[in-house]
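Visitor: So you can see what is in the structure, the chains are spelled out below.
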Amino acid sequence: MILLRRITQIASILFFLTLIVLTAYPLAAERWVDFFLRLSPHLMFAVLLNAFRDLSRFALVFLPALVLLALIPVLGRFFCGWVCPLGTTLDVTDRILRRRHDFSREPLKWKPLKYYLLLAILIAAYFEANLYGWLDPLPLVTRAYMLVIFPILNFLAQLGFDGLYPVQPFRFAAAPAEDVFRTYVFPQGQQHFIGHFWLFIIFAAVLLLVFINRRFWCRFLCPLGAVAALASWSSVYRRVVSDKCTECQKCVRKCRMGAIGAGGKRDYPGECIECFTCVDVCPEGAVSFRWGWGKRKGDLDVNLARRGILAGITGALAAAPIVRLSFANPERGESYLVRPPGVLEEERFLQECIRCGECMKVCPTNGLHPSWFEAGLEGMWMPRLVSRIGYCEFNCTLCTRVCPTNAINKLTLDEKYRFVIGVAKFDTNRCIPYAEGVDCIVCEEHCPVPEKAIRLRRERVLDDNNKEKDVLIPYVVEDACIGCGICENKCPVNGQGAIRVYTIKPFLREPSKGKIGKEYIRELMPGEEVSPWKASASGDVFEGERLFDFIDGGAEIYFEYGFIRAATREYKAGKDAATVDIFEMRDPTAAFGIFSYERAADQPAIDIGSGGVMSDYQSAFWHRKYYVKVSYYGEGSAAEHLKKFAVAVAKKTPGEKFDVTMLKSLRADALTGSVILIRGPIAMRSITLLSDIDAIPFDAGALGASYRTAKSSGLLIQYNSGAEREKYLGKIRSGLANKGYTESQVKKGRSEFRKNGDRITAELAGDKCIDLSLEQISTD
Amino acid sequence: MNYTRREFLAIAGAVGAGLALPLTGCKSGFARVKEAAGRRLRTSKIKPGIFAARGGDPYRLTIDAVRAAGGMESLVRKGDKVVIKPNMAWDRKPEQAANTNPDVMRALVEMCRKAGAGEVVVFDRPCNEARQTYARSGIADAAKKAGARVPFVDERRFTEIKIPKGLMLKKWAVFSEILDADVFINVPIVKHHSLAGITVGLKNLMGCVGGDRGQWHKEHLHQRIADINTVIPADLTVVDAFRILTAHGPQGGSLSDVTEVNTIAVSTDPVAADAYGAMLFGVEARDIDHIRIANEMGQGKIDLDAAGVHEFDV
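Going line by line, the protein sequences match chains A and B. Just so we're aligned: the first sequence equals residues 0 to 779 in this note's numbering. Just so we're aligned: the second sequence equals residues -18 to 295 in this note's numbering.
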């Protein structure tokens, strides 16, 4: 029997180790990798107590545990002696560490301790405190092998191979071995884990307890052992001692569990793990295992003390709040706590994660690490993504597929693409283009989101020699960012990334909302609602500088206002044709700006979007950040068709009407249709009023708006602040003086400048605007 | 299993010595900064100019384009070690046009094999996780089936080389397989690139270098690309423009950014190959700084008329 047990133990631990090796891309044994973790009835009880609202989530998870639980009353604690990888590990290390010692001493009479501990764990679980993930032997041993032992073995093996590598005859011999090793055993290469040392210490401590007793963990602490012990208290398969026993004490001394009472004839119930050592060592052949029914006579008392049970309950009542209250607010507190994709609710995750480390082992970029206090005490050893070490690979769902309790929900690739785990933000003080004015597009280049969550805009900056040059400035589009962290990982700035992924509440982005950028602007195009018109082709989209391909000449003005992309499509109905152009601008001000620039002052207004105009062959309107143009080529009544198209597009861009704030400071008598918003030098060219005067710092964000009234033409300028207005008012004054104007103050805040028949009135408007108007007056 | 103290010490000593022996080699191994010279071009009988096959499937196009240029036998000799460097940088599928088409690779490996190559090596240093990238790109599978070795980049197998003509780079580490190769074939795909403008063959050689490539992007990327091209020039550039990525490059991901151009072009002139790629992409080669700089440094012709374009339909 001993031989059979040893073979089973070896087979079991080899199976366990094989599963660990297979916990890696391409995850050939997906159904099996979490097998051992789902074997624990203790975890089953604890997790169900904690998360009892969602029992359905665990229907299949703990099926193996249920089977095991059903077997134990019949077969006894065979799991501990024959199957458990931690038990087997302890058998080996115990043997190595205490070869010559006598095991019979049990200085601590702690057998009941595991029951108190189990009680405490279960009560704490009911109060939603997760102690079970720390104390169950299966997560414990899995974590130890995956996060501690395997990396160490990999390190040593690699050291050996690296040592052989440069020496030619060795390299030749070692290369095939290394190939196998790299391909199959440690395919991820050297993994590192934050806090590896402390995990090592903890595991070592469990092993070193042998210096008190063999299988100390199993005897006194193991909560799974306690469950198994309770279930096997009156096991059907039991040790029987015949009359031949001479009470030589040999079996008592050799029993690794201290399950046999002094004398050798009586047992402690639930302690025997059926290792059959007692059968083997008995010189008289008096010990055997038999099937039997009914209550056993002569069992020793485990001495469950009322005091101990009370201590267990009190312990749980103390531990639950301590664990739960030593928390970190994941959304506000620890800004960088990013969970693996598939974790939706932090609360639930804290209940369901058993800290086994499978996800960390399988992560191909070594990005998942055990957290220590980032997620509070309770979150200790649960996974978090440390992007600077390893990012979340876009096309990868491995961690969601290995989680034994589905604390990380399984994701399909399509869901993974939309699963948002964090959001990237720039540290503009350190980001190379922002801080140094030098191109660097590494984050944008690596952003895996097809429409790009990091985009680039061209900005003009001054270089060292005060010369103007263009720099590509990256920015984050939060609507597209999934928080995968590859940007942070690849950022070439030393130390912390100049872009970092911050905590958010994870969510699965709606597929329709995921359609942004090119796909989204295409969706704005009119469809069936304009029938009988039909689109003659799917049309084109032009982004960034490709606008020049679309508008040959005259595209610069779009960039001046702030251009992102444009879509165009042709429609036909019989002989008539129409085109719809939709321009996505940087912001509503830009959309209004280009709209105002392109409209003619005398075009009749129509009430579409935030404002529109219509002529014989063209209608145009702007709304939110879109500027839309419709052109009609045909014989029929243009107005009807133009309106139909415009309304169709407007319906797809819902939202309140938008007002450009600065226009509120416009004179009451300004003709609305004549207003042109000015955001840069190109639009400014047609304004002669202030030619050659540096009156508007466009680069700093100042705006202009030209207008006409019945008698005058004017220019409203909005500065960023009152102080800036003061500064530029001075420049305007001296500039006009240089041109030969004479100034006279009419009243406070209002001056007039005259030259020949021109009169320019400058008046302060609002807190940061200047209103300039030019009037021709008779010189008589 | 009981040892006396003396026995134990003897065993420990023996084991220690055994371990120390290779470890002494280890020291010099890691310091293997052998400052090698760059690679030398193979003198080949491939015809000068650009040979572009259009229409048809990528496998066919590749075979016909190479045949038009003189056939792989004009370049590869019996027993040669051939390195074929695709663009296999991103964890994307072939139809997303972020990586070289696997059928192009299959055709090239087969042709090299047929021409008598002793060993054909295909590799890249991907930006995404290497194993997944190799698999999803379809290249590892295609190349292996055609008879190539497809190793992952081994950090120990980089050799630092001097770059005498380099302006921004004076030396840099290069994957040693290239330096050992008798024939080196560069197989880029034509893609948009947000900083480089477009990426074709010259930029593709960035996949052969070690160290922190991210640093290259910080200013002077174009000069660095041209610099590295002076030391590891390809004997043949095969431009994969079966599909090209027109926006959101170099990684792409959206099929709406992919355009089918159905062209495979072959040239011994790396600059002309890039200029041809630029033409297919619809930009002026002289507007792409690294192509212009490579031309100015004398690495090849940028003027397509001077280079000579032979286009034909399959």
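A couple of the hints might just be wrong.
Said to hold, decoys possible - Chain A is faced by these chain B residues, among others (derived, beta-carbon under 7 Å):
#1 Glu(-12)
#2 Ile(-8)
#3 Glu110
#4 Arg112
#5 Asp163
#6 Gly195
#7 His198
No wet-lab data here; the hints were simulated from the structure. All C-beta atoms in this analysis are idealised placements derived from N, C-alpha and C, irrespective of residue type, glycine included.
Visitor: For every hint, state whether the structure bears it out.
Guide: Each hint, compared with the structure:
no. : hint     : result
1   : Glu(-12) : violated, 16 Å
2   : Ile(-8)  : violated, 16 Å
3   : Glu110   : holds, 5 Å
4   : Arg112   : holds, 6 Å
5   : Asp163   : violated, 21 Å
6   : Gly195   : holds, 3 Å
7   : His198   : holds, 5 Å
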